[in-house]
Every structure is written in C-alpha cells, then in structure tokens.
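A.B. asks: Given next are the chains, with one letter for each unit.
Protein chains: 2
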Amino acid sequence: VTVAVVGGGQLGLMLGLAGARLGLRFRFLDPAADAPAARAGELLVGAYDDAELLRRLCDGADAVTFEFENLPAGAAPPQLLPPAGALAVAQDRLHEKELFRRLGIGTAPYAAVDTRAELDDAVAEIGLPAVLKTRRFGYDGKGQAVLRAAAAVDAAWDELGGVPLLLEGLVPFERELSVLAVRGRDGATAFWPLTENVHRAGILRQSVAPAAPELQGEAEELAAAVLAELEYVGVLAVELFQRDGRLLANELAPRVHNSGHWTIDGAATSQFENHLRAILGLPLGSTAAVAPSAMVNLVGEVPPLRRLLEVEGARVHVYGKAPRPGRKVGHVTLVEPDAERLRRLLELAGEPTAGAATIVA
Amino acid sequence: VTVAVVGGGQLGLMLGLAGARLGLRFRFLDPAADAPAARAGELLVGAYDDAELLRRLCDGADAVTFEFENLPAGAAPPQLLPPAGALAVAQDRLHEKELFRRLGIGTAPYAAVDTRAELDDAVAEIGLPAVLKTRRFGYDGKGQAVLRAAAAVDAAWDELGGVPLLLEGLVPFERELSVLAVRGRDGATAFWPLTENVHRAGILRQSVAPAAPELQGEAEELAAAVLAELEYVGVLAVELFQRDGRLLANELAPRVHNSGHWTIDGAATSQFENHLRAILGLPLGSTAAVAPSAMVNLVGEVPPLRRLLEVEGARVHVYGKAPRPGRKVGHVTLVEPDAERLRRLLELAGEPTAGAATIVA
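In the order they appear, the protein sequences are chains A and B.
Counting from 1 along the first sequence, just add 196 to a position and that's the residue number in our numbering.
Counting from 1 along the second sequence, just add 196 to a position and that's the residue number in our numbering.
A hint or two may mislead.
What the hints assert, rightly or not - Lysine to aspartate or glutamate pairs mimicking DMTMM-like chemistry, simulated, CA-CA at most 20 Å apart: (1) B:K517 / A:D258; (2) B:K517 / A:E238; (3) B:K517 / B:D230; (4) B:K338 / B:E416; (5) B:K338 / B:E447; (6) B:K338 / B:E435.
Quick caveat, the hints were computed from the structure, so don't treat them as lab data.
This is chain A alone, in the form it adopts within the complex (with noise of 0.2 Å):
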C-alpha cells in the first residue's frame, strides 16, 4: 500500500513515521532535496504544480495527500483527500470566514479589503485593533499587519496592499484553542479532546491538552458541521478563541496540524494514524487522551539532544532540519508533566517559562 504526500516538511515526516508502522510505504514531492520527510520514503524534488512530478508521485498510488496547505488548487491531483474543494476554502481567508459564516459558527468581526478605500471603510467598521491580512499564502504570521492605531494604517497598506486582504477585529480573548477532527471515507467521524495553545510571535510555542472539557461539546458539533459541509476526509484542525466562554472560529487547517503533535505520545491513536486511516478507507482508532499531554516546539535550533533527554518523560522529536530564526525544528512532549519538567523544557526551548505552571495546572 502506497501513500503520495504533496510537501515533505516535518508533517509530511511525521505521516511517514506514523504509517511505516503500518507497513505503509510512502512517495513525497517536495522542492527541497533534503526535506525532512525522505527520511520515510521516496522523495521526488520539484516543484508542487509540476504536472509530470504529480503524475509520477500518484502513480499507483493508494491514496494521494497533502501536508502543505499552499499547493495550487489547480494543480490538485484528483484522487486528493482532503478533498481539493476543503483545500480550496481553506486556502482563502475570506471564503473560510464565510463557511464559518454560512454554519452559524461565531468568528470574529471581518471584512474583505482589496483597495486602500476598501480599507479606511472596514477600520471604520469593525474598530481598532484589528490585524489585516493576507487572504491567501500565510502561515505562522507571516502576511499580516496588526492595526492599533489609525497611524498604523498607511504602513500596513504599504507592506500588504495589492494583494486580496482581510480585515479582522482583534477580539480579546481568554485562550486559543484548537479542535482536532477526523472523518473517514464512511462518513464516521471522531475528535481529539481539545488542545490549549500558546502562540508567540505568530508561531505555535505550547500546546496542552486536554483542555477545557466544558467547551469539548461546542467544538466537536463546530468541527463536524465543517467536516460535513466540505465532505471531508481525513484530519481537520479548527483554530479557535475562547471568548466569554464561548468559542469563536479563527482558521482552518486542512491537514494534520502543530497542535496535534502531543497525540503522538499522548492519544490512543495519534492524528497522523487517523489521517492515514482515513484517507486509505480504513476503520478510525480512538481519539482518546491516554494521559495529559503538554507539547512544546523547538524553534530556531534545537537544543543538545543530552539535555532534552534529562528531562524526565521528554518524548524528543527532531525533524532534521536546518537551524534558522522562527523554523520550527522539532517538538517534545511531556505525558504527565509537571511544573518542573515543563518549566525546564520551556528553559531549554528559550521560552519564557512564566505562566507555564498555570496552563498545565
């Protein structure tokens, strides 16, 4: 049984680890000759829309995925799952605002902004602090301008402008959470307990789970109406706000997410196997947290691996990639942390530590 991947990045990595369990054997396109992922399986080095290199990477192929959001919807293959459409929306933020929209799910105040008139009508509108952003292309914050001020305007219009925009309100909130949602080729569908997330910098810096099991409700009816809308198949990640105890819906991920990565260790079948499963026809595996998990990314560089390990319980994952500011390079999670692992770990990964101990107790 073989299994395309479009991107071989540390998902794509992840997917093939996962499924090398299985016996699953695995074929990446990616540009770079040394992602991460050709440590498990063949890698093909090209580009995501070369039509010659997609029709070798699905040739014979049981099942065709994707771990890197931007592919071209054009250029989907059309055995893809999730499916191109599901790919589509989330690629745009202005059409996954409107599903949201369209499903009775509360996001955040938002409007379209092509032109700088577009601009001064939606700051008008919605009110300041607002974040402008790209609609399409973004990822870990990068194409987005936050707006405090009426001064601010003209410079985020200078750095995003000409491109189609969004204007967001920039709600207060209490957390960030995220829901986790599988959905197999038979329709069932199944959801990891939701996870707690800490961003810095536009980046996924620590995600806990399970957390706020008085919202796990709410969240798993949002995701399934999403799930059901876009005939999904596969792994699902919603990106939510907390808000007066309510949750809104900030974004999509159409693939197996960052803050998915404790299910590795800390669920009975961790996000990467329930991808596989679904995409290839196969029964789900349970969602079930096995413990309480705290996930934490290494970011920029990672850190000697000896002193990883000294902490007691560090499930380490290292993704082989080159250092560089902002990459995320790998990720350890604690089952069953504790206030000093989890401070020591945050020490080691050059996070401030800070505020640690109150998420995980």
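Following the hints, position chain B against chain A.
C.D. replies: Leaving out everything else, chain B in the frame of chain A:
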C-alpha cells in the same frame, strides 16, 4: 548523528523508526535488497562479513550496533556496541550457560556434546526428556531436537550431529518470562517490567507485561550481573523459566528482542529508543510500563489490515516482509487489553485462543 546497524530486519526497522523521531540517521547492512529496514535509512546490500561493506557501513557513524545475532564475531567492527565479547558469548549456547553458572544464576542441567559417545553420556547424566541443540546459529526453534525417549537419540544425532552441540534437560516450568535490561556507556542500568511469553513451535507468539512482579527483583539482579560481567552497552534480553517460584536463565539475546516489542506502545521509553540512547552515550529513559500490555506476533502472513484495526486499541506493526510459513511478519500490541479484544486478535493471528484470558487476568 548517524547510527550504523549490521542487519536490516524488523528489529533494524524498529530501531530506525525510533531513531528517526530523535532526528538520527541510519545505515543498514543486509544481504536482502528488500530488507524491512530499508524504509528507515540507507541500505547497503551484501554479506555481513564483507570487509569493504562493513567499512562503508561504519564510515563516519557515531555508533555501530547490530540487530542480527549471527554476525560472524571475527567480522565485528571495533566500535561495535553491545561489545563483540557479549555477542560471542551469546552466539554459543555453551558459553552462555557457563556465564550463567559462573555468575551463580540457575539454569537447566546441561552438557556439551561433540561426539555420539558424549551424547549417550549426557543423556545418562541429565536424563530425558531433554533438548539437543546446536551450540551456534539457532533461532526460532531451528537447530533443535526434543528427545522424549531413548529411541529418539539416533534420529536427533543424525539430524544435528557433526557440529558442536549442547544437551539441555527439559525442565518442567510454570511459565516462560524474559527480562529486558539496558546499560548506558556510563554504566547506568534500567530494567523493564518482566514479560511473560508464550512460544509455539519454537516461535514467540504472545507476550504480556508487566508479569510476575514478585520475581522482578530477582530478575533485575541476575540481569545486572550479566550486564556488568559483559561490560555491556545497549539492550539485553534474558529469557527465563519460572520453576517452583524461582527463575532459571535459558538464553541471552544481546540486542533488542521480540519479547520487548510491547515497550513501543506500553512503556515510557521503548527498548529501541533506549538501545539507541545507550550506544550513543545519551541518558536512558524511564522503563516504566504506562499500562498493562499484551503483544501478539503475526506469523506467516499479515491478516487484512482493516480487520486488525477494527480491534479497538490495536497498535498494529507490519514489517513489510513477504509472507512465509513461520516467518514473523508483524505484531500487534493491546494496551490495557481485555479478554475479548485479545481473543479477537489471537483469532486474527491464527493462534489458539484458549488460555489467553488467563494470561491477561
């Protein structure tokens, strides 16, 4: 960081998958071009004693280990861990037994047999039933003949005579156990909980852990003596018999071991990860069981993946080997097994299900 491994079977594959998580790279040497470990690293195809290939295997490696026990000891690279001395002892059943005796560890009665006359003497001394075994190159019940009556001696000699042999008394035992131990470069040791094993036709079929907690101390003591005596580095398995509530040592495996496969899913740190940590001089991880686990080997052929995954909580491992009678082609671990799910799994694996429930209960 690169690890060189002599052998590319499923043990190599599982070492590679455990190490891939940590960002390690692997190079394997195996005579088979379709060796399972090829999915987890670079594969050099050739004989285990090909000096030029061994040189290439070890070139630039940070650690050199083996997963194939019958590596010719004379061909062992100097940097090999576990050390070549441990390998040499484990390759000869007589030396193994003598090591146990020297350390005061109980064994079944045994005698070396090189000639037909010595066989008669040994039978007279030890009595029947007994097992005649080749001293070298046995595995999975191969190179063995059970002598239940004097009439069987001729046939056994005809089958096995001509190479150095060992006659062992067939002691009645309550059950088979194994202890998995690991020793770091710095001499630190750790022991997983005792595992109870069921063999059929000389092949391991089922393991359950933790088992026999009342014997854990005795098991750790004897394993620690072996580790120290051999100046061992890496994972060591000692197969044991429980007889009259005490432990008898049966044999050593100077490597990761089938009876430790449950540790991938059921222990804080797997035997594979701790073996890598040990040989790389990294701190050892906790060997605690996270929950009771039952492991069932898939022998001969892999049942349909769908059927295996339908068993709730089944952690399925498929090695990607061609089917062949008596060949280990995969295994499935149930964490927190119950009798019904274990019964279904044994049925899928083609194993007798009678008695399974009593093992878990």
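A.B. asks: Please go over all the hints and tell whether each is borne out by the structure.
C.D. replies: Going down the list of hints, with the structure as the test:
no.	hint	verdict
1	B:K517 / A:D258	holds (19 Å)
2	B:K517 / A:E238	holds (18 Å)
3	B:K517 / B:D230	holds (8 Å)
4	B:K338 / B:E416	violated (29 Å)
5	B:K338 / B:E447	holds (15 Å)
6	B:K338 / B:E435	holds (17 Å)
Comparing the model with each numbered hint stated earlier shows that hint 4 is the single one that does not hold.
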